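Single-letter residue listing:
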Amino acid sequence: MTTEVSQANVAATEVGQAVVLQTDGLTKIYRSLFTPSGVKAVDGLSLAIRDGETYSVVGPNGSGKTTTLKILLGLIFPTSGTATIFGKDISDLSVRERIGFLPEDAYLYDCFNGEELLDFYAGLFGYPKKRRKELTDELLTLVGMQENRKVPFRECSKGMRQRLALAQALVNDPDLLILDEPTSGLDPAGRHQMTRLILEMKRRGKTILLCSHFLAEVEEVCDRVGIMYRGRLVAEGTLRELAGEPTELVVETSGLPEPAAEQIARQEGVLNVEAGVVRMEKASEAQLWSVLQAVHDAGGQIVEVKRPRPTLQDVFVRAIREEAQ
Amino acid sequence: MNALAGRLILIAGVIVVGAIIAITRRSWAPALGHAFPSIWRIAKITVSEARRRRVIQAVIILVVLLLASMTFFSYLSPQEQARMLISGGLAAIVVFGILLAIFIAAFMIPSEIENRTIYAILSKPVRRFEFVLGKYVGAMIVLGVIVGIMTVVLVGVLVLQDHLVQDLPDSVFNPNLGPVVLAAVLSYFALAVLTALIVLISTVASTTMTVISAFIIWALGSLQETIHDLATNATGAARLLLLVIYNVVPKLENFDIRHEVSNFMSISIASVWQAVLHGILYIIVVLALASVFFSDRQV
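Those protein sequences? They're chains A and B, same order as listed.
Mapping the first sequence onto the numbering used here, position 276 (from 1) lands on 276, and the numbers just tick up by one.
Mapping the second sequence onto the numbering used here, position 205 (from 1) lands on 1205, and the numbers just tick up by one.
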C-alpha cells in the first residue's frame, strides 16, 4: 500500500499538471505533562494535490485528518516537515487569499444572519461595500439561502448552517477549497444538496481537498482518495487504483432448489450460496460455466451474472485492517 | 516643582515615542496600512456582537437607573448632595466600567477559540496581530460608548439637580462638570489599560484564568501605594515580589481623581498627562506582547 502512495505522488508531477498543494514529511506531535514523549497526530504525511483535482482524505476518528487541515490553514503549527500551497509556504499570508475553508460543524457567529456574516467575511478580503453586497446576493442564491438571508445563524437548521458556512468559504472565489466534513450531521436531503454544491464547485474548476466520513459522498465527488490511519497516509490513489481489478463473481438465480444450492456451494471457486445468490472468488471461466450448468440442470434460472467492483468502503476497511495488523 | 517635573517627563515621553515611531515606521507602516481594514472589520463585528448581548444591555440600563435615582437624595444639603452625586456617580462609572471591561475582554478571545469561530477568520488573510488589535479596538469602542452613556447621565443628573436647587436660599450646589467629565475620561483610560492586560492574559490562558487574573490585577492596580509601602518595609523575597508587582501591574490609582473632584480640590493637569502618557505606553507594550504570544498560539 505504501508503494502506491509514492507512485501516486510521482504520478502527480509526471502528468505535468501544476501541483497546488504539497506536503513533505508533515508531522505534528502533541506533547503535554502527561505525555512527555507526545502523541503523533500526523506522522510524516506527504501529499500532492493537482490543479483542478478533487482529493479526499478519509480515515477513522483520530486519524489526523482535521489536524492536517488545521496545519495547512495556519491554525496550528507542524512539529516538522513542510507544506506549500500554490508553491508558497503555508505561513505566507497571500496563500490564504486563494483558499476557502469550510470548518466542521460550521462554527460562525451565531447572533448574525447570513447577510451580515457574508458581508463580514467578504470585508476581511478588503472588498468595497458595493462588491460585498453583490457577493452576498450571489452566494446566498448559490447556496439556496436567499429567502432565509435574515435568519440569525443560531436559528438556522443544520443544513442551512452548512450552506452558509460553504458560502463564507466562497467569498473570495477561492482556487483551493478545503472542506472539513461538509455533510456531517445532515439529513439525506441536506447531504444531497451539499454534494450537489461540491460537484458544482468541481465543475467550476476549483481544486478541492475534502475530509469526510461519508464514503459514498467521497466516491461520488472525488478524483483521488488518501486513506489516513494513526496519522499516516496508508493508501492513496484513484478509487480504481485502490480497489484493483474485481475478483468476485456474483450469479443471481431464481427457482434454485435447496439441495442443488448445497451442491453448488461445494463446487470449486464458490464462496457461498445464499438466497439464490452464488458468490465466487477468483473463479475461472470453466468454474463459472460449471456453476451455470448446475443451476440450469437443477431447473433454476439465471437472472444476472456480474463482477462487482469493491466500494470505497471495502477499500477503506481493507486498508485499515492491513495497517492495524 | 512637581508640575514642572511632570511637564518635563511628558515632553521627554512624547519625544521618545515620536522618535521610536519615526525610526521604525518603515518596518511597520506598510503592514499596518494593510492591516487597518482587517482590524477595523474585526473591531466592528466585536462591537455588533457586544451590542446584541443582553447582559451588557441589562447592566447599562441598571447603571443608568442607578445614576438617575441619585437625584432623590434631597435630604442632604446642596453642597453635600453635589459631593454625594459626584462621588457616587463616578464610583458607579468605575466599578461597572471595570466589571464590563472584564466581562467583555476576558471572554473575547478565549470564546472565539472555544466556539471555534476563529477558524473561519484566521483561515482568511488576517494576521494574528490584526485579530488581537481588532478585538481590543472593538472592546474599547464598546467601553467608550458605555462610559459615555454613564457620563452623560451623570452630567444630566448634576445639571438637573443644579437647576432644582438654584432657587433655594443659601444654595451652593456646585456640579463641577468639567472635572467630572475629566474624571470619567481618566476612568476610561484606566479601563483601556486594564483591558489591554486582560487581552494579553487571554491570549495564553483560559477564560476562567483570565477572569480571576483580571480581578487580581484590578485589586493590585488600585492598591499600588499600599504595595509600595509594604515593599519599603519588607525584606528578601517578599520585597522582591512586591517590587515586581509594583513595577509591572498598571498603576490604576493614577487614573483615579474621584477624591479631588468630589471634594472640589484642584487637579494637577501635569499628573493627568503623565498618567495618560504612561497608560498609552503601557498599552502599546502590552498589546505588542499579546500579539507576539498569540502568534504562537495553536488554535
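Honestly, I wouldn't trust all of these hints.
What the hints assert, rightly or not - Think about it this way: if two alpha-carbon atoms lie no more than 30 Å apart in a straight line, the pair counts; the simulated BS3-like pairs of lysine-lysine are:
| hint | chain 1 | residue 1 | chain 2 | residue 2 |
| --- | --- | --- | --- | --- |
| 1 | A | K88 | A | K40 |
| 2 | A | K202 | A | K133 |
| 3 | A | K282 | B | K1044 |
| 4 | A | K130 | A | K150 |
| 5 | A | K202 | B | K1044 |
| 6 | B | K1044 | A | K40 |
| 7 | B | K1044 | A | K133 |
No lab work stands behind these hints: they were computed from the structure.
Just so it is clear, the structure is predicted and the values come from calculations on it, not from any experiment.
Hints versus structure:
no., hint, result
1, K88/A to K40/A, "holds, 25 Å"
2, K202/A to K133/A, "holds, 25 Å"
3, K282/A to K1044/B, "violated, 66 Å"
4, K130/A to K150/A, "holds, 19 Å"
5, K202/A to K1044/B, "violated, 34 Å"
6, K1044/B to K40/A, "violated, 39 Å"
7, K1044/B to K133/A, "holds, 17 Å"
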